[in-house]
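Going down the list, the protein sequences come from chains X and P. When the first sequence is numbered by the numbering used here, its final residue is 433 and no position is left out of the sequence of numbers. When the second sequence is numbered by the numbering used here, its final residue is 1268 and no position is left out of the sequence of numbers.
Worth flagging that the hints you see were computed from the coordinates, not collected in a lab. Treat the hints with care, since some could be wrong.
To be verified - The calculated lysine-lysine pairs, modelled on DSS-like cross-linking and capped at a C-alpha distance of 27 Å, are:
1. X:Lys154 <-> X:Lys126
2. P:Lys1157 <-> X:Lys126
3. X:Lys335 <-> P:Lys1157
4. X:Lys402 <-> X:Lys316
5. X:Lys316 <-> X:Lys355
6. X:Lys335 <-> X:Lys392
7. X:Lys392 <-> P:Lys1157
8. X:Lys355 <-> X:Lys335
9. X:Lys392 <-> X:Lys402
10. X:Lys154 <-> X:Lys392
11. X:Lys392 <-> X:Lys355
12. P:Lys1159 <-> X:Lys154
Okay, here's what each chain looks like letter by letter:
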Amino acid sequence: MPAPHTLFVAGMNHRTAPVAVREQLALEEEKIREILADLSGRGVLDEVMIVSTCNRVEVYGVAPVPGEARTAAFGRLGSHRGLAWRDLEPLVYTVTGDEAALHAFRVAASLDSMVLGEPQILGQVKDAFALAQSAGTAGPVLHALMSQAFGAAKRVRTETEVGRLAVSVSYAAVELARKIFDGLEGRAVLLVGAGEMSELAARHLVDQGALPVYVTNRTWSRAQELARGLGGIAVPFDQLAATLALVDIVVASTAAPEPIVTADQVRTALQARRTRPLFFIDIAVPRNVEPAVNDLENAFCYDIDDLRSVVEANLKERQREALRAQALLEQEVVKFAGRLQQLEVVPTIVSLREKLEAIRRAEVERALGRLPAAGEDTRRVIEALSQAIVNKVLHAPIVKLKDSSRAGHARRWTEMISELFGLRGSGRSDPRE
Amino acid sequence: MNAVLYDVALTAYILAAAAAIGSLFGRRDQLAWVALLLTQAGWICHTAAVIVRGVELGRLPFMTMAETISLVIWAAILLDLWLERRQRIRPLSAFMLPVILALGLGLPTGLRSMALEAPARGGWIAVHVALVLVGLAALVLNFGIALMYLLRERQLKAKRTGTIYRRLPPLETLDRLTVATLTIGFPFLTVGLALGVLSAPAAWGSVLTFDPLALFSLVMWVIYAGTLLGRVMGQWGGRRAAYFAIAGFCVLLATLGAGVFLHGRHGS
């Protein structure tokens, strides 16, 4: 009897392989589809899917000999760019069984990502699975693995804060604004000067409902251009101080050598604003907003270092949360192992049903052949009688098989039942048979 | 019977307070749920205790000082539960429950002395007490939220992050809620106190007779009136309003303390 086929993951990621190698293996969808079909045609893999992103190239599969399947898969992937397996081998990690499941869950939940908790990877894994499904190379094991992985990723997202805290300066600014303001809808923003980070921050704020956006710049044409890009209103640079009273959030990033927003200006603006807070995001170096502004009541000023330290604190927090997420994924692996065992008995149940159904049909035909005068009623009775007998005979063995899979000794029973009923080939745990 | 129910309610509140404070520092939300369930359970017991006491004594259950404080607590918890639900201010209980409990420290003994014969008082007095009571409950909450505001404000100014930092609601929300609790509490307090002043001549013979509780009440009323006026005039928001809320609460505590410990005309 052949050995049970094994789930494995073989791959390379940003930690094990340099980008120079990863980029050569990152292939477009059509190429991957071709490779999937080719690999499953060779017979070394029962099931296979390939995850290919800029940070990882991984083969998820079920095979009798994972080592062999891995060599075949990476040999095929490398052949496109003339990379031989022996060059790739030292960069490739391989895990099997429960460890493979854990790895898959970690990848989907973004615990294995370069930026811990980044959300794109889940979509990429989903796409990879959909591709394998449409290529017909994903079977019941990968199906079970992936549906569990997607569920696990969702749990991690909702039950931990791994993906929740801002890890970029521009998002950190938005997060801070949310700690000050009771929602960002309808908050007026003033963008002073241009810069990639400040524009990004302004865009995030607009995405969260901030409105309107005032834009000012020393160069009037540049202010107008920026305002167009953000759907905002251009304001002459000398109106800066007056505009402070109108807005809730100021994003500053000019190249001015000294502060362009002074504490005195802000004090005046705050008086006009009564008690509403005013939040300054100063991304410029040297700083655009006088540090003393932060000492004024109802004014809050965060410079680039403050924002960076928020990001650092958030990253640390994500790492702490990742530990919790890991524990959660380990529970999911246990659940998955149970599911896989159930999967083990399914082929035996199917062939048992098929076998008895074939016998039943043959015998019914024969009996009806001997009763040429039988009317519709008689036929129906014979049909029902034979079906009832088959179902009653099947009941006990099927229940036993399901119980045994739950109890973890499915193999003994699948073998025994295959022997008893003379089923061929179903004693293997390859779920596709 | 009602004393046992009070003890159960108070115990539930104490455990809920511990859980709520723990939930501020913990990573998981379970503690917050435990706190919420305990608070609700405690509140139901509390309600039952008040009703049972009313039935057992055959009179309104807020005629002695201890009973009144108990009902202030009852109403404050109800407001706290409502705010937490409506405004999704999760950690509110962590700030409110300890404050509310501090009010009720001397309560068990006060409630055990059954004080069967309540001081002879007319119906207007009951309305006076009931209105003041609702006002005080809102102002207790006003204090708790002001504390949260000051903590949040300090964190934002000092640019500190941490678990509590992530749990606290936005600064503006807290400011809005301090105003809201003050605007709810103040009218009740005002009308309630006014009724007290109006019915005093009938009960005591004169308004001007010295009574510590009445005196403190007046100081308290002036502070809250000033805060509200400052807010309406425009400049007294945020930190200043929070300081006033705290000052007001200190006098509120002194008022209740005067009611319990000093022997004035209000009795106990």
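So, going through the hints one by one against the coordinates:
Taking the CA atoms of Lys154 (chain X) and Lys126 (chain X), the gap is near 13 Å; set against the 27 Å cutoff, the hint holds. At most 27 Å may separate the alpha-carbon atoms for a hinted pair to count; Lys1157 (chain P) and Lys126 (chain X) exceed this at roughly 43 Å. Taken as a hint, the Lys335 (chain X) and Lys1157 (chain P) pair is broken in the structure, with Cα atoms around 47 Å apart against an allowance of 27 Å. Only pairs whose Cα atoms come within 27 Å are accepted, and Lys402 (chain X) paired with Lys316 (chain X) is rejected, the gap being roughly 45 Å.
Distance restraint check for Lys316 (chain X) and Lys355 (chain X): the Cα-Cα separation of roughly 59 Å exceeds the 27 Å cut-off, and the hinted pair is therefore not satisfied. Taking the CA atoms of Lys335 (chain X) and Lys392 (chain X), the gap is near 31 Å; set against the 27 Å cutoff, the hint is violated. About 75 Å separates the Cα atoms of Lys392 (chain X) and Lys1157 (chain P), which puts this hinted pair outside 27 Å; it is violated. Only pairs whose Cα atoms come within 27 Å are accepted, and Lys355 (chain X) paired with Lys335 (chain X) is rejected, the gap being roughly 31 Å.
For the hint linking Lys392 (chain X) to Lys402 (chain X), the alpha-carbon distance of about 16 Å falls within 27 Å, and the restraint holds. The suggested pairing of Lys154 (chain X) with Lys392 (chain X) is violated, with an alpha-carbon distance near 42 Å, which exceeds 27 Å. Of the pairs offered as hints, the one joining Lys392 (chain X) and Lys355 (chain X) holds, with about 15 Å between alpha carbons and a cut-off of 27 Å not exceeded. Straight-line distance between C-alpha atoms of Lys1159 (chain P) and Lys154 (chain X) comes to about 32 Å, which puts the hinted pair past the 27 Å bound.
Going through the hint list in order, the structure does not satisfy hints 2, 3, 4, 5, 6, 7, 8, 10, 12.
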